[in-house]
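Peer 1: The residues making up each chain are set out below.
4 protein chains.
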Amino acid sequence: MGKQVLHIDCPDEKGLVYRITEVLYNYGLNIVSNQEFVDATSNHFVMRTAFEGDRTPEGVVRDLNKALPADANIRRAEIGHRSIVVMATKEAHCLGDLLLRYSYGEIPADIDAVISNYGELEALSRAFDVPFHQVSHKGLERRAHEKQLQEVIDRYDPDYIVLAKYMRIFTPEFVNRYRGRIVNIHHSFLPAFIGANPYRQAFERGVKIIGATAHFVTEDLDEGPIIAQDVLPVNHTHTADQMANAGRDVEKTVLAKAVKLLLEERIFIHNGRTIVFE
Amino acid sequence: MGKQVLHIDCPDEKGLVYRITEVLYNYGLNIVSNQEFVDATSNHFVMRTAFEGDRTPEGVVRDLNKALPADANIRRAEIGHRSIVVMATKEAHCLGDLLLRYSYGEIPADIDAVISNYGELEALSRAFDVPFHQVSHKGLERRAHEKQLQEVIDRYDPDYIVLAKYMRIFTPEFVNRYRGRIVNIHHSFLPAFIGANPYRQAFERGVKIIGATAHFVTEDLDEGPIIAQDVLPVNHTHTADQMANAGRDVEKTVLAKAVKLLLEERIFIHNGRTIVFE
Amino acid sequence: MGKQVLHIDCPDEKGLVYRITEVLYNYGLNIVSNQEFVDATSNHFVMRTAFEGDRTPEGVVRDLNKALPADANIRRAEIGHRSIVVMATKEAHCLGDLLLRYSYGEIPADIDAVISNYGELEALSRAFDVPFHQVSHKGLERRAHEKQLQEVIDRYDPDYIVLAKYMRIFTPEFVNRYRGRIVNIHHSFLPAFIGANPYRQAFERGVKIIGATAHFVTEDLDEGPIIAQDVLPVNHTHTADQMANAGRDVEKTVLAKAVKLLLEERIFIHNGRTIVFE
Amino acid sequence: MGKQVLHIDCPDEKGLVYRITEVLYNYGLNIVSNQEFVDATSNHFVMRTAFEGDRTPEGVVRDLNKALPADANIRRAEIGHRSIVVMATKEAHCLGDLLLRYSYGEIPADIDAVISNYGELEALSRAFDVPFHQVSHKGLERRAHEKQLQEVIDRYDPDYIVLAKYMRIFTPEFVNRYRGRIVNIHHSFLPAFIGANPYRQAFERGVKIIGATAHFVTEDLDEGPIIAQDVLPVNHTHTADQMANAGRDVEKTVLAKAVKLLLEERIFIHNGRTIVFE
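Protein chains in written order, with UniProt numbering: chain A, 1 to 278; chain B, 1 to 278; chain C, 1 to 278; chain D, 1 to 278.
For the record, the hints were derived by calculation from the structure and aren't laboratory data.
Warning: the hint list may mix true and false statements.
Heads up, the list lumps identical chains together, so a pair's fine if it works in one copy or across two of them.
Under the rule of at most 27 Å between Cα atoms (straight-line distance), these lysine-lysine pairs were calculated in the DSSO-like manner [what the hints assert, rightly or not]:
{"#": "1", "residue 1": "90", "residue 2": "257"}
{"#": "2", "residue 1": "260", "residue 2": "3"}
{"#": "3", "residue 1": "90", "residue 2": "260"}
Isolated chain A (complex conformation) (with noise of 0.2 Å):
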């Protein structure tokens, strides 16, 4: 028996669980666990509810929308029959961290297909049995190359694109297409260091720690809402290189965490900060 999952949210106000969980309980579901959070700032009500069943029973969200505000968003979900599809460059370890994972079993959702701009990670790919397709940019002006990549991935029709590693960026069109879809990993430093070659300027700066962030791809390069974030401590003994070395262990940790949240639908996204039910 699978397991559901039902994302509400909408303006605060009294009696909203009360409401919500008359509804469940008319229904007799049998609710595995029940989140919620108030934003106090923005006085926003954000609730998720598992429940076991093999589907969820039409009338409830029926109903809930009777129960709920009208401008409450009321969303469903099955936990483990999602897809999604892995997008990288050259680099390997997110993207084989992610294949391991879902080769025992640890990813709820199908790894329906890799794609490169480059070739390198082919082997890999299909190493895991997961079909390889290279897009590649070469030549191409950027959208004309988005095309060809939308083209491929509305293919699999994937519930979320994870960014493993690619290193190119969207247009606002193709970031609109799947908007709150795309999730991505970004090496992250304190401080904050702009341009190319940051663990460079980090290992110019004598950091004592790198990290990474999993965020949602919005218009703004790296700065959608974060997910998950962690560290890594680093000494001066590191080099620019190691530096980023150590920053692939941190970088692959810190999106499979992120990806395993998305898929079992433990995040909300409101006024551009992510309230996460861990």
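We have chain A already, so just place chains B, C and D on it with the hints.
Peer 2: Showing chains B, C and D alone in chain A's frame:
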């Protein structure tokens, strides 16, 4: 305006959240947060509800009692109107850290008194204007000493007793008298070391991590329900003394965290395990 | 050009660094790093010197032998020209992570072969073009099984044997045969749990942290010198299975770290403790 | 008996360790630890030698000067005979933590005085018997204020000045006067936030980690060489204020670590980066 907390736990059954939130809704309570958990192993339901108000209306508990199974535990508490007594022996780090946090308003309770079997910590306590009581164990049998301790403790009638490196073992009678109300901090290692001088043993074993565990005190020495844990890295350059020094940092941080969780009523104990709503 | 490492250890006395660096200077070696440590408890001196070069001149070791006390241990190794054999049972996370790192050049050694008592991991090994040997223990006495294992291992003559969740215990004879060359990964908890199903015990005790320890294998099961340790936070929402899942992440990371430290010859063992020059 | 430390740095060339340890050996020094590092980027050699003794023999520095390149920096220090002055504004957490550690002997120096532009921290300082000086900036131009600060600081002639949440910016003249001797603690985020109220910005961005950086103060505000950094996890339930609260824990821990590293003379600055021999 204060913050009220309701703690409810009972065997799980369908509709509990619905019935509870119905009562809260009927009383028009302004709920700030609502956290639930069902321990699938024991089929036990646990819920913490925080709401704003000067006090919990009498009727709420009465109506909850009617709405819930007969064996439900319902407890209410006012955050910020609690008191603790701290017990210590000679080491200043945990006591000092609590007093310091208390001085800038981070401990949501009054520290009514410090009790020690030695006199070393008197100046520190007085520096923060907290009454200090030396209750020496010299020449006393364990129960006679505990009788004197009880006499001082009961004068303050504290909500909780915090053992901030109090280095003596209590009798089961003493523990029972304050059941569920005594918190201790204990160094912890991977692997664990039994017997005298654990930091010496940890050094000889070459551990790379040292930790601390804050837990409720039960008859089983150092074995009560765990509230919080953390670790710090160490290496071969640390002597046993330096490991103990490093251990102080993690001990004081973990104890302070546990005390705050306790005073915000975020902890449930069920089947010897804690459920901590962070 | 490769990197050479000299490992020297002996009872401490004045002038050791001077005498050692005099020899190195006489041979004009281009020293990249030099790390020393004196274990004050046992008065033992330990030094790791890395220098660039294709090989260590013969005379260096001879002259060091002359310059140092008679009981000095002098060992040299070429980084990057080592080989390992990985042993596993059925779980893919540690083996897969090593193979993945190997595939992108992060393991400074050849992974010559994977040996398992089951067949589950064959596809994974072959996906990374590493020979796989199933050596079943079914119907064999422990020594007869180990004889078959030895036969396969010795065919490759590896520098180190990495137990990547190999779930069987070795006889002292087997351990002695590869003394100081077998590394294991072991889940670890605060407190430690003895006996079967430690994750179940950790769950029942409500631990807030789970960890992993990489260590050399000695006759004392899970008690050999510790190389690396790390932990992850868990909480009451983790079932025993989810704790075990989380444990996989820390197990694979700690094992990979230990293997890299080993292959870069950063580890000394003295008096049952490791000195790890990170 | 005290502990002496020699700090040596110069452009790298072959035989430096040999030549240095020859001098130390000639004087029969009892070396406790010896740490070297060559920054391959700038080809710069750095060495810290600790040895036991009441003082460093005069001849040692003279002979080292002869043995080493003309542009070598040689510095000696006696651990445990240093002094610091702490500057703060109104927040007690960093100052209090330092005073507490000082009270139980964890700071290897005298805290000679506390200086603040406000009076809030006077009671705390006096509680630990440390002289407190209020030097208000009210109605004073920056330089006039700094002149008064200088006058108090120079009365104590401290080895280092520790900014424990001192919330004012210094002129380059002030910074230059105490070049390499002022340490600051600064909240840090991933990503970094510029401008007012960083915790508010961090909250609005939904960061999952907050951190702190201890660094030397240079003319570039909050941009001096980094000594130590650490982070803590936060989540959507943290308000901006609660993030700031959590930030206090990491700020005080990182500052205390930096102060100890400084007073044990474990830090070199080269090319704007620190080399920290932990």
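Peer 1: At most 27 Å between CA atoms: does that hold for residue 90 and residue 257 within a copy, between copies, both, or neither?
Peer 2: Intra 21 Å, inter 23 Å, cutoff 27 Å: intra and inter.
Peer 1: Have a look at residue 260 and residue 3 and pick one of within, between, both or neither, based on CA distance no larger than 27 Å.
Peer 2: Cα proximity of residue 260 and residue 3: one copy only (15 Å, versus 35 Å across).
Peer 1: For residue 90 vs residue 260, is the C-alpha pair at or below 27 Å within one copy, between two copies, both, or neither?
Peer 2: Classified as both; 23 Å inside a copy, 23 Å across copies.
In this structure, none of the earlier numbered hints is contradicted; all agree with it.
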